[in-house]
Amino acid sequence: MIVAFNFGVNLIYAISLYAGLLMYASYHNCDLVSVKAIKSADQILPYFVMNVANTIPGLPGLFMAGVFSAALSSMSTGLNSMAGVLYEDFIEPFLKVKISEERASLMMKIISVVFGVICVGMVFIVENLGAVVQGTLIGGITGMIVMGFICFGTQASIASGQIKFEKKPFTTDGCSSILQMDNFTLNEVLNSSINILPTLTESASDEPPFRIFHLSYTLYTLFGLIISTSVGLIASAVTGFTDLSDLDVILLSPVMRPLFAGRCKGGNQKVRRKMPESVEVIKEKDEALNLLSNNQS
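For what it's worth, my numbering labels the leading residue of the sequence shown as 625, then goes sequentially.
Honestly, the hints are just simulated from the structure, not real lab data.
All C-beta atoms, glycine included, are put in the ideal place defined by N, C-alpha and C.
Possibly wrong hints are sitting among the right ones.
[Unchecked claim] Simulated restraints, written as ranges between beta carbons of each label pair: (1) Ser700 x Gly632: 17 to 25 Å; (2) Leu719 x Ala677: 51 to 59 Å; (3) Ala885 x Asn653: 55 to 63 Å; (4) Lys889 x Met699: 36 to 44 Å; (5) Gly685 x Leu883: 43 to 51 Å; (6) Thr795 x Ser705: 39 to 47 Å; (7) Pro681 x Ser705: 36 to 44 Å; (8) Ile715 x Val741: 12 to 20 Å; (9) Tyr642 x Lys889: 43 to 51 Å; (10) Val862 x Ala665: 42 to 50 Å; (11) Leu843 x Tyr642: 21 to 29 Å; (12) Leu883 x Pro681: 51 to 59 Å.
Please take these sequences and the hints and turn them into a complete structure.
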């Protein structure tokens with residue numbers, strides 16, 4: 625099971641990396657955002673698919689259907705999980721009267737709808753946060769809380785124009801052939817007013833932001849991991865580490881069981897599930913065969 629899971633994950637990563645290499649090879653000399661062929665960098669992949677596969681009937685639609693299906697399936701799973709946790713842990717314990725399963729199901733459906741509306745509303749906020757949030761949500765709960773302070777402070781500084789992340793150099797020399805295939809004229813695009821870098825707003829404060837807000841978003845995951853791991857180890861040392869002799873080996877991941885088999889409870893014994901039932905069946909079968917053989921003799 626683990627091998628199949630790792631194979632599937634690595635295959636998805638390989639396909640994503642290969643798609644990225646194809647897009648870079650196609651648009652390395654044409655910045656599509658600068659020439660306003662697309663509005664944001666997130667639209668490069670759909671643009672690439674429509675540009676390459678527009679002559680194949682049904683393929684662009686199949687691609688878009690796959691993207692939406694993957695997004696909606698992940699979103700529905702998360703909404704159902706959050707609704708179940710909210711009902712089981714925060715609503716049901718405070719109910720004085722036990723309700724029926726039908727009403728409980730209706731309540732969880734309503735909670736899912738509310739969470740869905742909130743998620744859709746948050747899209748308009750997240751799309752303006754750029755890559756800053758990507759690192760803060762990976763380093764663990766503790767790391768997320770600590771780094772969240774930096775994240776929101778950084779967002780406030782970016783919104784006021786005090787912090788600007790330098791972009792890599794790009795060119796539009798190769799956009800002529802690309803835009804001509806899409807019935808665009810490069811002169812019309814270049815003659816329009818293009819503001820590549822954001823300008824500093826008039827309301828920007830002259831006071832420099834706190835130095836920790838200058839931390840690159842690419843380091844958020846690393847710092848979140850370090851902080852969450854450090855706080856977890858300190859908390860474990862203060863409250864007392866887990867005694868492995870009291871820990872059942874069946875609670876560990878199958879990958880980790882061989883490493884702690886000699887130190888955990890039940891680690892040196894083979895895990896047998898429903899073994900007594902099968903043993904009784906075998907005994908009854910053997911007794912029946914012995915009885916038949918005795919009668920025949």
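Each hint, compared with the structure:
As the Cβ distance of Ser700 to Gly632 is approximately 20 Å, the hint placing it in 17 to 25 Å holds. For the pair Leu719 and Ala677, the supplied restraint of 51 to 59 Å holds, since their beta-carbon distance comes to about 54 Å. Between Ala885 and Asn653 the C-beta distance comes to about 57 Å, which sits within the given range of 55 to 63 Å. About 40 Å separates the C-beta atoms of Lys889 and Met699, a value consistent with the hinted range of 36 to 44 Å.
Between Gly685 and Leu883 the CB atoms are about 49 Å apart, so this pair conforms to the stated range of 43 to 51 Å. For Thr795 paired with Ser705, a C-beta distance near 45 Å keeps the hint of 39 to 47 Å intact. In this structure the hint that Pro681 and Ser705 lie 36 to 44 Å apart at CB holds, the actual value being about 39 Å. A hinted range of 12 to 20 Å holds for the C-beta pair Ile715 and Val741, which are about 18 Å apart.
As the Cβ distance of Tyr642 to Lys889 is approximately 47 Å, the hint placing it in 43 to 51 Å holds. The given range of 42 to 50 Å is respected by Val862 and Ala665, whose C-beta atoms sit roughly 45 Å from each other. Here the CB-CB span from Leu843 to Tyr642 is close to 27 Å, well matched to the stated 21 to 29 Å. With their beta carbons about 54 Å apart, Leu883 and Pro681 fall inside the hinted range of 51 to 59 Å.
Comparing the model with each numbered hint stated earlier shows that all of them hold.
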